[in-house]
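Asks: So you can see what is in the structure, the chains are spelled out below.
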Amino acid sequence: MRTIVCVLALIACTDRVLAQHADIPRTRAGKPDLSGIWQALNEADWNVEPHVAVQGATEMLGAIGAVAPGIGVVDGGAIPYLPSALSQRDANRSHRRTEDPEAKCFLPGVPRATYLPYPFQIVQSDTGIMIVYEFAGAVRTINMKSPGEAPVDSWMGVSNGHWEGDTLVVEVSGLNANWLDRSGNYASEARRVTERYTVTDADHIRYEATIDDPSLFSRPWTLRMPLYRRVEPGARLMDFRCVEFAEELMYGDLRKPGADKAASDKPAAGPGK
Amino acid sequence: MAMQRHASSSRFVATLLLLLALATSAGAAEKYKAPRTSWGDPLIEGVYTNNTNVPFERPVDLGDKAFYSEQEYEVRSKAPAVVETTTTVTDVHYQTADFGLDPDQSQMVKNLRTSILTRPANGRMPPLRPDAQRRSDAARAAQQAHAFDSAQNRPLQERCLLWAHEGPPLRPVGYNTLVQLAQTRGYVVLLTEMIHDARVIPLAKSRPDFGGLTRWQGNSWGHWEGDTLVIETTGISDRVTPRGSSVPMGPEGKVIERITRTGPKSIRYEFTVSDPSLWDVPWGGEFPMELSDQPLFEYACHEGNYGLPNTLRGIREEEKTRNRGPRQ
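Listed in order, the protein sequences are those of chains A and B.
Per the working numbering, numbering through the first sequence is continuous, rising by one, with the last residue being 1519.
Per the working numbering, numbering through the second sequence is continuous, rising by one, with the last residue being 500.
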């Protein structure tokens, strides 16, 4: 038994050494260069836990609206909810068509922004890192120089980063309560998220996020997934200002009775003078 | 008459001295050698403010007076803020001073100019071409006829889709004035605090292929001309209208921005807008921005937008009351 443990430890150690010496892009200062357009390729936004395919929130969309099956991204499979926290998850799930912050085009928070099915761009300079997400114009600046506490909660929180070897570690706090997926999994404003970005080769990042939220979970838990570089020529972030697609859901009941919906879909007025 | 001559010659001398001072100042700025990124580009990244009390267009009574003197500037900086869109304070919850939103409560960037707009020389927007004016008037009338029918009929900024000051071209705005520039090899990002819109601008030797698609803020690409970042933008969505027009720019519409670091804590932002379908002449201007010692905080517009539904709710209630007629 002892021999097996030693061999496994050796393999793990070797794997780590190899990872550190892999041929990865680096900045002039020698740090891994995360710059580029990245995207998760999984079904975590449908449900971060392992799940089979089920009917979606809107049956009228047919198979387009179905929840696609996924092997899950949570370490150990299930989120360790406290029993008292499960009822809210279930209530969220029941009202997901109208209450999912993604449906309302709200800023997705961390870590959900990472595995929304849309690309994001990491902009790494000599002194700082910015992440620009396609969805909802979400954006974060990762403070690498003088870490500080969040002055007040916000949707994308305050991110403080540092390097542990070749891994970018980002501590995120000051986040508003938000959903983690379209299935109603959620986290409170008390959560602290620790992200780890490790470039494993030129086109892949190993992403991990540990969520510590004692108000909802019995222990900190981790989700992990690879991120893939968008390598196609001309790859770029497109406009996805989703507000306009949430307006009918959110404000449709306030439309003037009898007003022509088609006419208002493309208003003549711009943003003003 | 002698007094008039004396006053006239004094003004002439003062103008000469001012021009000399400005030329010296501009010369010093041009001599500033910006530090470089590790890959060799001029370093412009940082969080800047463009908070100013200089109006976008020059007050008509100033004519061609392009600059204030230092003394005039001092007087102005102590006066109440100049705002282009006046707000009647009817609600105690929007006392801007209570929230630190008055321009004199935060870092103000010194600028002796009398207007942000410098071209045309009178500092005023050029008139729309007659045909464009007719189209604009018609579009505005159509919009106003249904202005409160639905959320989709409201202006873009009320809907938290795009604020006019975000541009391009950028424009100083009364509050939440921070602009963050980020750089990496091959890209510059221009992020406006309000409403957290990041323009990711590729750097290239020639215009990249944007696939013929438009964007809310257009397709921007940039290149360096010496220490100046030149950004060209075309393909702005036809749902966005430029200043003074209720119709969008045409296919030849273009915005050129020039960003130059002028000192350890300052940059100059210049812009030129042209579109032969709207104006006979291009228009443009410039303003300085200064490094802020404050981080840029999230301005989540849509998430807290109770103003839009409340506006519509109020109108619907008003319609019901009107339909019920006066009480008997």
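Rather than coming from a laboratory, the hints here were simulated on the basis of the structure.
By construction, the Cβ of each residue, glycine as well, lies at the ideal position given by its N, Cα and C atoms.
Hints should not be assumed to be uniformly reliable.
[Said to hold, decoys possible] Far from chain B by the CB rule (all over 12 angstroms, computed), these chain A residues:
(1) GLY1316
(2) ILE1317
(3) VAL1320
(4) GLN1370
(5) VAL1378
(6) SER1400
(7) GLY1420
(8) ALA1448
(9) ASP1459
(10) ASP1499
[As the list claims (entries may be wrong)] A few chain B residues facing chain A, derived, Cβ under 7 angstroms:
(11) SER322
(12) ALA354
(13) THR356
(14) VAL361
(15) MET366
(16) ALA370
(17) ALA376
(18) GLU397
(19) ASP399
(20) THR400
(21) ALA472
(22) PRO481
(23) GLU490
Asks: Verify the interface restraint on B:ALA472: the C-beta must sit less than 7 angstroms from at least one C-beta of chain A.
Replies: Holds. Min distance 5 angstroms.
Asks: Going by Cβ atoms, does A:GLN1370 stay more than 12 angstroms from chain B at every point?
Replies: Given that some Cβ of chain B is not farther than 12 angstroms from that of A:GLN1370, nearest at about 5 angstroms, it is violated.
Asks: Examine each Cβ of chain B, and state whether all of them lie more than 12 angstroms from the Cβ of A:VAL1320.
Replies: Check passes; 27 angstroms lies beyond 12 angstroms.
Asks: Answer holds if the nearest beta-carbon of chain A is closer than 7 angstroms to that of B:ASP399; otherwise answer violated.
Replies: Constraint on B:ASP399 not satisfied, violated at 17 angstroms.
Asks: Does the claim that A:SER1400 lies outside the interface with chain B hold up, using a Cβ gap greater than 12 angstroms?
Replies: The assertion about A:SER1400 is violated, with a minimum of 4 angstroms to chain B.
Asks: Let's test the interface hint: is any C-beta of chain A closer than 7 angstroms to that of B:THR400?
Replies: Status violated, d = 19 angstroms.
Asks: Does B:THR356 meet its interface restraint, that is, does its C-beta lie within less than 7 angstroms of any C-beta in chain A?
Replies: holds, 5 angstroms
Asks: Are all beta-carbon distances from A:VAL1378 to chain B longer than 12 angstroms?
Replies: violated, 5 angstroms
Asks: Hey, does the B:GLU397 contact hint survive, CB to chain A under 7 angstroms?
Replies: violated, 21 angstroms
Asks: Does the claim that A:ASP1499 lies outside the interface with chain B hold up, using a Cβ gap greater than 12 angstroms?
Replies: violated, 9 angstroms
Asks: For A:ALA1448, is the shortest CB-to-CB distance to chain B above 12 angstroms, so the non-interface label stands?
Replies: Check passes; 15 angstroms lies beyond 12 angstroms.
Asks: Quick check for students: does the CB of A:ILE1317 sit more than 12 angstroms from each CB in chain B?
Replies: A:ILE1317 clear of chain B: closest Cβ-Cβ about 32 angstroms, beyond 12 angstroms.
Violated hints for the displayed structure, listed by number in ascending order: 4, 5, 6, 7, 10, 15, 17, 18, 19, 20 and 23.
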